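> Protein chains in written order, with the numbering used here: chain V, 498 to 741; chain U, 26 to 259.
Hints are not guaranteed to be accurate.
Cut-off 30 Å, straight-line C-alpha distance, at most; resulting in silico cross-link-like pairs (DSS-like, lysine-lysine) [what the hints assert, rightly or not]: (1) U:LYS248 x V:LYS605; (2) U:LYS87 x V:LYS516; (3) U:LYS192 x V:LYS610; (4) U:LYS78 x V:LYS508; (5) U:LYS169 x V:LYS616; (6) V:LYS607 x U:LYS78; (7) U:LYS32 x V:LYS605; (8) U:LYS78 x V:LYS571; (9) U:LYS87 x V:LYS571; (10) U:LYS78 x V:LYS712; (11) V:LYS607 x V:LYS528; (12) V:LYS571 x U:LYS169; (13) V:LYS607 x U:LYS169; (14) V:LYS605 x U:LYS169; (15) U:LYS117 x V:LYS605; (16) U:LYS78 x V:LYS516.
Derived by calculation from the structure, the hints in this document are not laboratory data. Source: prediction; values computed, not measured.
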Amino acid sequence: MENKNTDLVIKNLHKSFGKNNVLNGINFELKEGERVVVLGPSGSGKSTFLRCINWMEEPTSGEMIFDGELVTEKNIRRIRRNIGMVFQHFNLISNMTVMENLTLAPVKLKLMKRAAAEKRAMELLRHIGLPSKAQAYPASLSGGQKQRVAIIRAMMLSPEVLLFDEPTSALDPESIEDVLSLIRELADRGMTIMIVTHEMSFAKEIATRIVFLDKGKIIEEGTPEEFFTHPKTERVKEFLKKIL
Amino acid sequence: MDNFFAKISELFSTPEYIDSLLHGFLLTLQISYFALLIGIFLGTIIALIDTAKPSRWMIVPKLICRVYVGIIRGTPMALQLFIMFFVIFAIKGFPSIIIAIIAFGLNSAAYAAEVIRGGILSVDTGQTEAGLALGLSRFTIFTKIVAPQAIKNIIPALGNEIITVIKETAIVSMVGMYDLNMAAKDIGSGQNMASYIVPMFVAALFYLATIYLISFIVKRIEKSLRRSDLRVEK
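Sequences are here, hints too, so could you generate the full structure?
Written out as structure tokens, the structure reads:
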């Protein structure tokens, strides 16, 4: 907690699945209040990179320092409370109601009393316009509703950083905007955010920094302005030509 | 046909026959019940070891489970029963009901393990990841998230296993035990009845009724477990 200036430092991160080397030495820093959008062609390791940050995938080698503390197998569970994650497929717990999804972690981790957690959950549900769904099971929600609940579920733990792994890729066009505006709102409130997305205009709008991955390495990074209008590498120029 | 019905009423009005059938039926139920308790308990342990996160400490237990399940599923139940009776428990005076329970329990464990393992693996990995990302322990994730979802997939298949065991216990008559199957044969070979078809028909009704009842209960449990899949509120 003492060192709030740098949230996260990653040094020489490697990740391989068997013989398949997905990340080949990533060096990266994330500072408080930054909003980093990770871009790159498919198979470049964007999602794996994001998933390594909270050890959904355990790094093969390299060093990660979160709030001045080296991340290890021993402390990762505690650190995860400070790194919220929103998944492409929402991953709401299907045998629990929306309310139970929201209160499970804060109550189980003894961060909140049940009554306080439920009160907070209701506030957040009201905020996203879904207070009537508190007792509903995830199966009865639309994709957009599920993802917004997943976002406030991550917020229940008041994390320092929020990771979004293609949060709108599984949504219909109408729901996408609902989810994006919720993310935008978190950004406006100063949340530190990392997003893997294919929504280029959103990336341009929300990012304070763009990171471009190719073949498991960061080959270019900069402000959206620099990145989209003055790309430095041929690879990025080629990428932008295809998508814009 | 008249003779058939006459024999049926004779069977049901002779206390001695009824007594034999009920005795046999009770033994069938006892063996099945205790064997299934052992089977589901051991099967759960095997499935948990089999689906546990791979690590250095789990290599040997995982291998043992794999080999155990392979051997049990790869050999006939009747042979396993014979080995128990005539090799492992070839001790004079050892109660045969216990031997039968152990034999069926160990057999059922392997099948139950496969059913439970399949149920656990059928739960979407995203559910586990959701729990991990929230900082929950593997224990909490299993008991609160994975197990309740796995049970929904396990119950129907486990119902099958229960039915299979009840029917399969009929082979204890091969080692001379007086179960429902044996009772039917015994009554049929008696001089008074002098007909196999009638007692065997009645024994079949006993089996059928039991299995029908179990299927009914399993369906009810299944239905109540599926509540969260329906678009209803709690």
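> Compare the structure with each hint and give your call.
The hints, checked one at a time:
1. For the hint pairing LYS248 (chain U) with LYS605 (chain V), the CA-to-CA distance comes to about 29 Å; that is within 30 Å, so the pair holds.
2. Taking the CA atoms of LYS87 (chain U) and LYS516 (chain V), the gap is about 24 Å. The hint holds against a cut of 30 Å.
3. Between LYS192 (chain U) and LYS610 (chain V) the alpha-carbon distance is near 51 Å, which puts this suggested pair outside the 30 Å criterion.
4. Distance check on the hinted pair: LYS78 (chain U) and LYS508 (chain V) sit about 27 Å apart at the alpha-carbon level, within 30 Å; holds.
5. As the CA atoms of LYS169 (chain U) and LYS616 (chain V) are separated by approximately 22 Å, the hinted pair is consistent with the 30 Å bound.
6. Of the pairs offered as hints, the one joining LYS607 (chain V) and LYS78 (chain U) holds, with about 26 Å between alpha carbons and a cut-off of 30 Å not exceeded.
7. In summary, the hint linking LYS32 (chain U) to LYS605 (chain V) is not supported, as the alpha carbons are separated by about 66 Å, beyond the 30 Å threshold.
8. Using a Cα cut-off of 30 Å, the hinted pair LYS78 (chain U) and LYS571 (chain V) holds, with the two alpha carbons roughly 16 Å apart.
9. The hinted pair formed by LYS87 (chain U) and LYS571 (chain V) meets the criterion: a straight-line CA distance of about 24 Å does not exceed 30 Å.
10. About 29 Å separates the Cα atoms of LYS78 (chain U) and LYS712 (chain V), which keeps this hinted pair within 30 Å; it holds.
11. Distance restraint check for LYS607 (chain V) and LYS528 (chain V): the Cα-Cα separation of roughly 28 Å lies within the 30 Å cut-off, and the hinted pair is therefore satisfied.
12. Among the hinted pairs, LYS571 (chain V) with LYS169 (chain U) is consistent with the structure: their alpha-carbon atoms are about 22 Å apart, no more than 30 Å.
13. As the CA atoms of LYS607 (chain V) and LYS169 (chain U) are separated by approximately 16 Å, the hinted pair is consistent with the 30 Å bound.
14. Distance check on the hinted pair: LYS605 (chain V) and LYS169 (chain U) sit about 10 Å apart at the alpha-carbon level, within 30 Å; holds.
15. Straight-line distance between C-alpha atoms of LYS117 (chain U) and LYS605 (chain V) comes to about 55 Å, which puts the hinted pair past the 30 Å bound.
16. Between the alpha carbons of LYS78 (chain U) and LYS516 (chain V) the distance comes to roughly 20 Å, so the proposed pair stays at or under 30 Å and holds.
Hint compliance for this structure: hints 3, 7 and 15 are not met, and every other hint is.
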